[in-house]
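In case you want the letters, here they are:
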Amino acid sequence: EAGVTQSPTHLIKTRGQQATLRCSPISGHTSVYWYQQALGLGLQFLLWYDEGEERNRGNFPPRFSGRQFPNYSSELNVNALELEDSALYLCASSSRTGGLETQYFGPGTRLLVL
Amino acid sequence: DAKTTQPTSMDCAEGRAANLPCNHSTISGNEYVYWYRQIHSQGPQYIIHGLKNNETNEMASLIITEDRKSSTLILPHATLRDTAVYYCIARGGSQGNLIFGKGTKLSVKP
Numbered sequence: 001e002a003g004v005t006q007s008p009t010h011l012i013k014t015r016g017q018q019a020t021l022r023c024s025p026i027s028g029h030t031s032v033y034w035y036q037q038a039l040g041l042g043l044q045f046l047l048w049y050d051e052g053e054e055r056n057r058g059n060f061p062p063r064f065s066g067r068q069f070p071n072y073s074s075e076l077n078v079n080a081l082e083l084e085d086s087a088l089y090l091c092a093s094s095s096r097t098g099g100l101e102t103q104y105f106g107p108g109t110r111l112l113v114l
Numbered sequence: 001d002a003k004t005t006q007p008t009s010m011d012c013a014e015g016r017a018a019n020l021p022c023n024h025s026t027i028s029g030n031e032y033v034y035w036y037r038q039i040h041s042q043g044p045q046y047i048i049h050g051l052k053n054n055e056t057n058e059m060a061s062l063i064i065t066e067d068r069k070s071s072t073l074i075l076p077h078a079t080l081r082d083t084a085v086y087y088c089i090a091r092g093g094s095q096g097n098l099i100f101g102k103g104t105k106l107s108v109k110p
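Those protein sequence lines, which keep their order, are chains A and B.
Reminder that position 86 of the first sequence reads as 86 in this note's numbering, one-by-one numbering, no gaps.
Reminder that position 85 of the second sequence reads as 85 in this note's numbering, one-by-one numbering, no gaps.
Derived from the structure by calculation, the hints contain no laboratory data.
There's no promise every hint is true.
[Stated by the list, open to error] Okay, derived cross-link-like pairs now, DMTMM-like style, lysine to aspartate or glutamate, Cα gap no bigger than 25 Å in a straight line:
#	chain 1	residue 1	chain 2	residue 2
1	A	Lys13	A	Glu101
2	B	Lys109	B	Glu14
3	B	Lys69	A	Glu84
4	B	Lys102	B	Glu14
5	B	Lys52	B	Glu14
6	B	Lys69	B	Glu14
7	B	Lys109	B	Glu31
8	B	Lys105	B	Glu55
9	B	Lys102	B	Glu31
10	B	Lys3	B	Glu14
11	B	Lys52	A	Glu101
12	B	Lys3	A	Glu101
13	B	Lys102	A	Glu101
14	B	Lys109	B	Glu58
15	B	Lys102	A	Glu84
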């Protein structure tokens, strides 16, 4: 069974540009979570999508947004990139809404903002 | 979700058992204890979780004290590939997301 996949693996952007990161969950999983791990910092929760709806949002500005598609894959969009957005962005999926199902993580997308 | 406290770092000799402690003294009755690990710059890997009974799988064992205020993750025969940051998370699930602390950096040495 394939795990969570993310693309691209690396992304280089300049300040002010937009970045789009993609995530495909494990087959059968309906929930997708996004986390940010900036250098030297812990994993911070960004967004939770389930059944196409945003269920919860972390303490991030509105320029961080996303969506979930009918096939349960998800996109994370970061607008007006700032230098401090440079980080490893991790996607996780779980099998059911309700919030207690085990989350499985992808390998991440490393975003560098110059 | 309850706050957890873990040692910043630990060393373990290759082939020996690694015992990683976690305190979660404010855990509530419906919160599970989850363990993940993150090997350098990779995505976190799920290890094990439990509510009040001890649990074992192919990766590790989880021992939860009777009062549920602390737990220990046991890697029975640590290898160099077990070198990673280990995160203990107390999770009730209402918000969906996991709340990661700083974890314990385990170094397995030959």
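Status of the hints after comparison with the structure:
1. Restraint check: the Cα-Cα separation between A/Lys13 and A/Glu101 comes to about 34 Å, which exceeds 25 Å; the hinted pair is violated.
2. Taken as a hint, the B/Lys109 and B/Glu14 pair is honoured in the structure, with Cα atoms around 6 Å apart against an allowance of 25 Å.
3. With a CA separation close to 37 Å, the supplied pair B/Lys69 and A/Glu84 exceeds the 25 Å bound.
4. For the proposed pair B/Lys102 and B/Glu14, the alpha carbon gap of about 24 Å is at most 25 Å, so the pair holds.
5. Restraint check: the Cα-Cα separation between B/Lys52 and B/Glu14 comes to about 30 Å, which exceeds 25 Å; the hinted pair is violated.
6. Restraint check for B/Lys69 and B/Glu14: the C-alpha separation of about 29 Å exceeds 25 Å, so the hint is violated.
7. For the suggested pair B/Lys109 and B/Glu31, the alpha carbons sit about 34 Å apart, so the restraint of at most 25 Å is broken.
8. Distance check on the hinted pair: B/Lys105 and B/Glu55 sit about 22 Å apart at the alpha-carbon level, within 25 Å; holds.
9. Simply put, B/Lys102 and B/Glu31 have alpha-carbon atoms about 19 Å apart, close enough for the 25 Å limit, and the pair holds.
10. Pair hint B/Lys3 plus B/Glu14 does not hold up; C-alpha atoms about 31 Å apart against a cutoff of 25 Å.
11. Using a Cα cut-off of 25 Å, the hinted pair B/Lys52 and A/Glu101 holds, with the two alpha carbons roughly 17 Å apart.
12. Only pairs whose Cα atoms come within 25 Å are accepted, and B/Lys3 paired with A/Glu101 is accepted, the gap being roughly 20 Å.
13. Proposed proximity of B/Lys102 and A/Glu101 is supported: the alpha carbons are some 22 Å apart, at most 25 Å.
14. Restraint check for B/Lys109 and B/Glu58: the C-alpha separation of about 22 Å stays at or below 25 Å, so the hint holds.
15. Taken as a hint, the B/Lys102 and A/Glu84 pair is honoured in the structure, with Cα atoms around 20 Å apart against an allowance of 25 Å.
In the structure shown, a violation is registered for the earlier hints numbered 1, 3, 5, 6, 7 and 10, in ascending order.
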